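J.: If you're matching positions, the sequence shown starts at 4 in the numbering used here and goes up one per residue.
Source of the hints: derived by calculation from the structure; they are not laboratory data.
Just to be clear, a hint being listed does not mean it is correct.
Stated by the list, open to error - No farther apart than 30 Å at their CA atoms in a straight line, the calculated lysine-lysine pairs in the DSS-like style are these:
hint: 1; residue 1: Lys163; residue 2: Lys181
hint: 2; residue 1: Lys84; residue 2: Lys137
hint: 3; residue 1: Lys245; residue 2: Lys48
hint: 4; residue 1: Lys178; residue 2: Lys123
hint: 5; residue 1: Lys139; residue 2: Lys125
hint: 6; residue 1: Lys178; residue 2: Lys125
hint: 7; residue 1: Lys239; residue 2: Lys216
hint: 8; residue 1: Lys137; residue 2: Lys245
Small disclaimer: the values here were computed from a predicted structure and weren't measured.
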Amino acid sequence: MSNNPKWTSDELKRRAVQRRAVEAVIWGMPAVNSDLMYQALVQLKGGFNQIAYWSGLPSWKNQTLTPNPDSIYLMPFHNTKDVGPVVLEIPEANGGSITGTIMDCWQTPLEDVGPAGVDKGKGGKYLILPPDYKGKIPDGYIPLPSLNYEGYTLARSILKSGSKADVEAAVAYGKRIKIYPLSQAANPPATVYVDALNSLYDATIPYDLRFYKSLDRIVQQEPWLPRDRAMIDQLKSLGIEKGKTFAPDAATQALLNEGAAEAHALLESRYSTAFASPFYPDARWALPTVSGFLDGMQSMFADPDHYPVDGRGLTYSFAFFCAKHLGAGQYYLMTIEDKAGNLETAGHREGELRPTRATHSALLEGAQTLRRCSSLFVSTFELSERLRSFRAERAR
4 MSNNPKWTSD
14 ELKRRAVQRR
24 AVEAVIWGMP
34 AVNSDLMYQA
44 LVQLKGGFNQ
54 IAYWSGLPSW
64 KNQTLTPNPD
74 SIYLMPFHNT
84 KDVGPVVLEI
94 PEANGGSITG
104 TIMDCWQTPL
114 EDVGPAGVDK
124 GKGGKYLILP
134 PDYKGKIPDG
144 YIPLPSLNYE
154 GYTLARSILK
164 SGSKADVEAA
174 VAYGKRIKIY
184 PLSQAANPPA
194 TVYVDALNSL
204 YDATIPYDLR
214 FYKSLDRIVQ
224 QEPWLPRDRA
234 MIDQLKSLGI
244 EKGKTFAPDA
254 ATQALLNEGA
264 AEAHALLESR
274 YSTAFASPFY
284 PDARWALPTV
294 SGFLDGMQSM
304 FADPDHYPVD
314 GRGLTYSFAF
324 FCAKHLGAGQ
334 YYLMTIEDKA
344 GNLETAGHRE
354 GELRPTRATH
364 SALLEGAQTL
374 RRCSSLFVST
384 FELSERLRSF
394 RAERAR
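I would like the entire structure built from these sequences, with the hints used as guidance.
T.: So, in structure tokens, the structure goes:
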């Protein structure tokens, strides 16, 4: 029995497990978010060191968190654990343009690519290195040391317009991206592209036992980072332990489900805080993040006195991806309110973009994809093209 008559020992243990389950969701959100996108590729018979891509503009079947409805997406997933350094080739910006970022499995950015990246539009061979890699870096490669084995690249092949011909051209240009092990660089194998356009690509966050199963996959595959070692015993009490099978009993499963549900409610209650600092005075559009999050992600959490786990967990509960140099070639504004401060209602009129708080599962197909959207992320490249097309249309 506990010395405190209010709680028995069993009750204290139960409360500790559920509390730790909540914190595990918030801490592990970006890695689970990343793993779920990879698992969606696996469902399409794809795998690591291959590329998931959309051969047309995405419909509601693209169930990643907050996708753009007018981008051609390509997502190379890398894993250096068994094959060593992996090469990601980005084509020269000649006849097309790639905007994107290479990230580890925690979605911490390693580097941006394309005209706003290190290659400056000249194209380049980015070399993703395994943890503690000591080998020689061949000439002509852009080395990217990583603390993790797994990760992915979010790449967008930028459209000139929404015409069928321009969409097809952007897809063809995007498929010039290549991924292969450095060990095969002398004779690279053909890159495998897995088309997700007509399939359900479900990477929505499951706030139940499935979340912890995904988190366990990351723990088993990846090294513990020094900044996260405090989580080792926390996760062990939930049944997640490196080298052991995750097999919680029925009572623990119930507590994990309760913890995930509570974490969901907590994150939802904090959702509006991501828009607390408007980009312009007296406006509703804001960079959808909380203070300290971007500095931490972009610097690999270099500041030893700050680790914005709460802000990171919130951000990756409704979005994915983080640029290394936000504003160099991509910038994101988002709103969930109209000019009066009310939650926006669904609707779209010519020349007017009106995002809503509805979930992205409500995305409509074809020309109506802008009608219902959980949010609207707009990169500077994409925004300029959209405005150019809109002005040309209005001038006719």
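J.: Does each hint fit the structure? Answer for all of them.
T.: Hint check results:
1. Lys163 - Lys181: 22 Å, holds
2. Lys84 - Lys137: Judged against 30 Å, a Cα distance of about 14 Å means the pair holds.
3. Lys245 - Lys48: 27 Å, holds
4. Lys178 - Lys123: 19 Å, holds
5. Lys139 - Lys125: 24 Å, holds
6. Lys178 - Lys125: Holds, at about 17 Å.
7. Lys239 - Lys216: 13 Å, holds
8. Lys137 - Lys245: 25 Å, holds
No hint from the list above goes unmet by this structure.
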